[in-house]
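Q: Residue strings, one per chain:
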Amino acid sequence: MRFNIDELEVLFPYPRIYPEQYAYMCDLKRTLDAGGHCVLEMPSGTGKTVSLLSLIIAYQQNSPEKRKLIYCSRTMSEIEKALAELRQLMAFRTEQLGYEEEFRGLGLTSRKNLCLHPSVKREKSGSVVDARCRSLTAGFVKEQKEKGEDVELCIYHENLDLLEPHNLIPPGVWTLDGLLQYGEQQKQCPYFTARRMMPFCNVIIYSYHYLLDPKIAERVSRELSKDCIVVFDEAHNIDNVCIESLSIDLTEDSLRKAARGANNLDRRITEMKASDAQKLQDEYSKLVEGLRGADQAREEDQFMSNPALPDDLLKEAVPGNIRRAEHFVSFLKRFIEYLKTRMKVLHVISETPLSFLAHLKELTFIERKPLRFCAERLTSLVRTLELTNIEDYQPLQEVATFATLVATYEHGFTLILEPFESDTATVPNPVLHFTCLDAAIAIKPVFDRFSSVIITSGTISPLEMYPRMLGFTTVIQESYTMTLARKTFLPMIITRGSDQNTISTSFQVRNDPSVVRNYGNILIEFCKLTPDGVVVFFPSYLYMESIISMWQGMGILDTVWKYKLILVETPDSQETSLALETYRTACNNGRGAVLLCVARGKVSEGIDFDHHYGRAVINIGVPYQYTESRILKARLEFLRENYRIRESDFLSFDAMRHAAQCLGRVLRGKDDYGIMVLADRRFLKKRGQLPKWIQQSLPDSDTNLSVDQATAVAKAFLKGMSKAYPAHLQEGISTWDMDDLRRHQAKMAEEEIRMLRKEAEMRERERVRRRVVEDEEDEYGDMEVDYDDLVPV
Amino acid sequence: MSRLSLKNGAPKEISDEDQCPVCKSSRYLNRNMRFLVNPECYHKMCESCVDRLFSSGPRVCPVAGCNRTLRRQRFRPQTFEDIQIEREVDVRKRVAKVFNRREDEFDSLLDYNNYLNEVEDLTFNLIHKIDVDATEKKLKAYEEANKAAIRENEVLASQETQSLQAQEAAEKEHARLRREAALREAEEERRERAEGRLDVINQLARGEGNADEIARQGRRTLLKKSTARRVGTGDEMDTSDSAGTGLQFKGLRRRARPEPEKPFEPFGEVTVEHEYFVLKGHYAWDFLDTARTSQTYRAGGYDISEYCSRALTDAFAGLAVFVGEEQTAT
Ligand code: SF4
Ligand SMILES: [Zn+2]
Ligand SMILES: [Zn+2]
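Chains A and B, in that order, are what the protein sequence lines are.
Under the UniProt record's numbering, think of the first position of the first sequence as 1, with each following residue one higher.
Under the UniProt record's numbering, think of the first position of the second sequence as 1, with each following residue one higher.
Incorrect hints may have been included.
Heads up, simulated BS3-like pairs for lysine-lysine below, C-alpha to C-alpha not over 30 Å straight-line [claimed, not checked]:
1. LYS44/B to LYS340/A
2. LYS333/A to LYS129/B
3. LYS137/B to LYS333/A
4. LYS129/B to LYS361/A
5. LYS112/A to LYS257/A
These aren't lab readings, by the way, just hints derived from the structure by calculation.
Predicted, not measured: the structure shown is a model, and the values here were computed from it.
Given these sequences and hints, build the entire structure.
A: Okay, here's the thing in structure tokens:
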């Protein structure tokens with residue numbers, strides 16, 4: 001399908017388009033034209049990704065600057081999906097245009113997913129893969145090899161150097177799988193191929209972290225130019241990603257490891273002094289001169305890099321008292337030792353970075369400034385010492401990053417020491433949380449640097465919350481409704497059991513037998529009436545466990561068992577994926593299954609239950625966060641003080657976005673159908689916070705149901721759904737072909753003309769009116785006199 | 001206890017950490033055992049050992065091979081687990097007291113950094129016992145030469161910490177007030193909502209007008225009130241905020257250097273100048289010769305020139321005074 005939006009020709013790889021897709025594209029284009037940011041909420045399953053890509057690619061190919069697209073997604077499977085869409089789109093474009101455009105699209109994920117080295121790729125932990133790869137690819141290792149020393153290099157990495165640096169892989173769109181295959185064929189490293197080709201790509205698809213986590217962003221995304229178009233997809237959780245990327249937890253164990261790392265460094269320094277003192281001296285003189293970055297820029301993969309430091313600081317020279325390698329190591333040791341003493345305290349402490357620094361200085365004479373340079377100084381040292389077993393220094397790096405962050409930011413961070421894991425624990429297991437409270441800090445560089453940032457998701461209501469929390473302004477904020485020829489999903493709110501007792505998971509009543517029994521009844525009824533898969537979300541693992549055991553006692557599970565196989569999510573990801581697999585099999589073979597999971601768990605984020613995998617989703621209770629968490633409390637306070645967001649507003653916003661996310665799991669397209677149950681009295685008041693497209697299908701009559709009423713409504717709905725609904729009935733309403741689109745565009749144009757005409761008319765009238773007024777005021781006629789004439793020549 | 005030791009890993013580590021090297025009693029037997037160290041040699045021992053050994057005066061450290069004499073009152077609890085660091089920090093304390101130059105005293109950052117480097121070298125030597133004598137000498141010499149500057153910077157530093165503490169306390173107080181305000185507001189809103197509902201119910205009970213209409217009306221007024229309040233508190237917060245920052249100027253230099261104190265001036269800025277004579281070094285008055293030569297007078301502090309000056313002042317004292325004027329003036 002080819003059509004124009006204003007003057008821009010868009011090629012859309014499907015013969016039909018949804019009205020909301022068209023609206024979405026129009027708004028995207030307006031945002032790009034205006035050169036600003038936007039927040040867009042597009043119903044799940046309405047082809048958001050393909051609309052986004054079609055429009056932006058069209059925009060890109062038709063503009064002389066060819067603005068690069070950076071598309072950020074959350075998980076590897078989403079990245080792969082987006083790449084597949086892109087590939088299809090480009091194939092369509094080639095076919096339609098009759099020639100192949102000069103185009104490159106690549107995806108990037110961690111080394112763990114892209115490594116080909118036979119032994120490295122078998123490592124389980126991502127950070128170990130990273131570290132091992134570094135020791136096989138670092139610049140000095142290569143130098144050593146050239147000098148004839150016996151060191152190991154990665155051949156896949158070496159082969160890259162034999163190729164033209166800007167043409168490591170032929171043009172076109174490469175999915176991650178394709179990249180891996182190509183790498184295997186050509187014996188070249190897919191990870192570095194993607195990394196090095198990034199400057200030459202038209203589209204880059206990678207995970208949030210490459211842009212948000214300052215430790216990675218600096219390395220990976222440094223070269224991206226200002227006019228890039230940045231898209232954050234599935235961005236409803238973006239504030240948490242931002243916060244996590246700047247938060248650090250230290251434990252006694254990690255401090256012990258860090259201390260070991262520092263001792264190793266000490267040893268290495270002594271060794272190097274004996275064997276190659278010149279290297280240390282060179283580093284030292286460089287630091288004295290304040291020279292920096294010359295060879296750092298060349299190093300494509302540093303040990304670590306600075307976490308979000310202000311630019312002026314980056315240009316400053318390293319303080320004199322940590323210039324010498326041995327001084328710096330003793331500095332680190334002192335700092336670690338200090339942290340260890342802090343861990344000894346047996347009561348909870350929460351303090352600001354400033355007071356932490358004051359106490360630190362009092363006890364150890366460590367000043368703020370050298371602390372701030374810790375991360376960078378460590379990087380330099382690690383490079384100078386030519387360390388290969390970098391993974392051993394990971395905990396030390398963490399401490400250095402912590403040092404740098406705590407000395408850099410006075411505001412927006414807090415330190416919380418929790419000596420015990422839980423309130424009932426007696427054996428101390430202290431954790432020092434260094435928590436970022438302000439999501440805006442991590443994302444600020446992104447907004448500062450790129451002119452257009454698009455934040456989009458299926459559930460991102462209320463829209464105004466995001467600009468507020470992340471500190472930016474938008475050109476457009478829009479939430480689209482879903483155009484449906486017939487209602488394919490049935491949201492409803494159950495507030496009472498059949499016995500008319502209200503149901504809620506609020507703390508006072510959650511363990512009430514009658515509430516538990518009523519929830520059990522909901523489960524039984526819906527398992528009975530829905531075909532195939534049912535997904536149930538609980539607010540927390542703790543509650544899920546307790547309610548399941550109570551159901552067991554009441555015999556509810558036995559009844560459910562008759563209709564569905566019961567599967568439960570656990571915090572263990574392997575067990576969970578096994579449960580998911582079994583669930584899918586049971587849905588496929590007709591046994592049907594019910595999956596009990598947690599609203600903030602792994603299942604709720606990123607696992608789709610399309611079609612028969614999810615015919616009903618039941619949210620048991622409002623998924624509030626655990627409010628006794630000290631970190632959450634600190635964040636709530638911060639939000640109130642700095643962004644004027646009230647505690648209750650934020651908590652309820654957060655709960656509802658998770659609830660909406662869970663609901664969205666079962667509806668993955670317009671041909672899909674499903675029931676969405678919100679089972680808690682408190683949902684009644686909160687329904688205004690649901691995404692617009694869900695609200696639109698939630699009539700008042702369905703918002704205050706008892707269990708038996710709900711069952712009746714659901715039965716009727718399913719009966720309707722079971723009737724065949726030929727596609728042609730949807731045409732023109734929920735899907736448009738070319739003619740419908742033209743008609744719509746004509747209508748819009750007409751509308752616009754009418755508006756313009758109206759405006760012109762208004763203006764005309766205004767002018768006439770003014771004229772009249774002027775005429776009236778111009779009683780003496782001197783308005784018409786040209787004053788120049790009066791000036792004597 | 002046993003669980004704790006399991007958690008902490010190897011049992012050897014525990015005996016090391018929790019056993020007194022002098023009396024070999026361990027924390028296992030005495031839960032409240034505390035360890036003390038003496039900065040003389042940093043050998044650790046338990047509190048009861050210290051009491052037992054040193055209460056009758058100084059004596060030699062009981063640790064084999066350590067021949068230092070220790071005093072009871074210098075024993076103190078250990079701050080750091082690593083005794084090396086404990087000692088290092090003591091050394092640093094000493095050095096930091098002497099070398100307390102500030103960045104703004106230097107012309108360039110490079111100079112300051114070089115100074116820091118220098119000091120660190122020195123500290124490092126002391127800590128690792130390299131060239132101790134020479135380093136100590138250097139330290140002493142510097143201290144002697146820069147007494148005044150050291151003193152001054154000390155004052156500055158203490159002022160800085162004080163102002164920092166004050167600022168922190170003020171911030172905490174602000175936060176507390178704001179938190180209370182927020183709580184009060186939430187409470188207020190809850191109350192209003194309850195009242196509003198009561199209102200609606202009452203109206204309904206009286207049976208005035210259309211029930212739906214009343215309910216809707218009630219909801220609307222509540223909504224209005226809450227938005228009004230939200231706007232209102234927003235403004236309030238703004239002013240309180242700016243007032244808060246208005247008091248603490250963050251970017252400003254905390255304080256100017258104090259003016260050097262003027263010498264004490266008993267006559268309050270009035271200087272006495274001799275208008276009518278110039279004091280000479282020597283007057284040939286023979287009655288002064290005794291005073292000039294005699295040790296007895298000189299030892300008492302008698303000053304010839306002082307005497308001459310006074311005598312001459314007395315002699316010319318009446319010159320500028322005209323009796324007539326003086327009389328009319330009074
Ligand atoms: S260079 Fe590539 S293939 Fe080699 S170890 Fe690193 S990631 Fe693996
Ligand atoms: Zn003892
Ligand atoms: Zn001793």
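Q: Sort out which numbered hints this structure fails and list those numbers smallest first.
A: none
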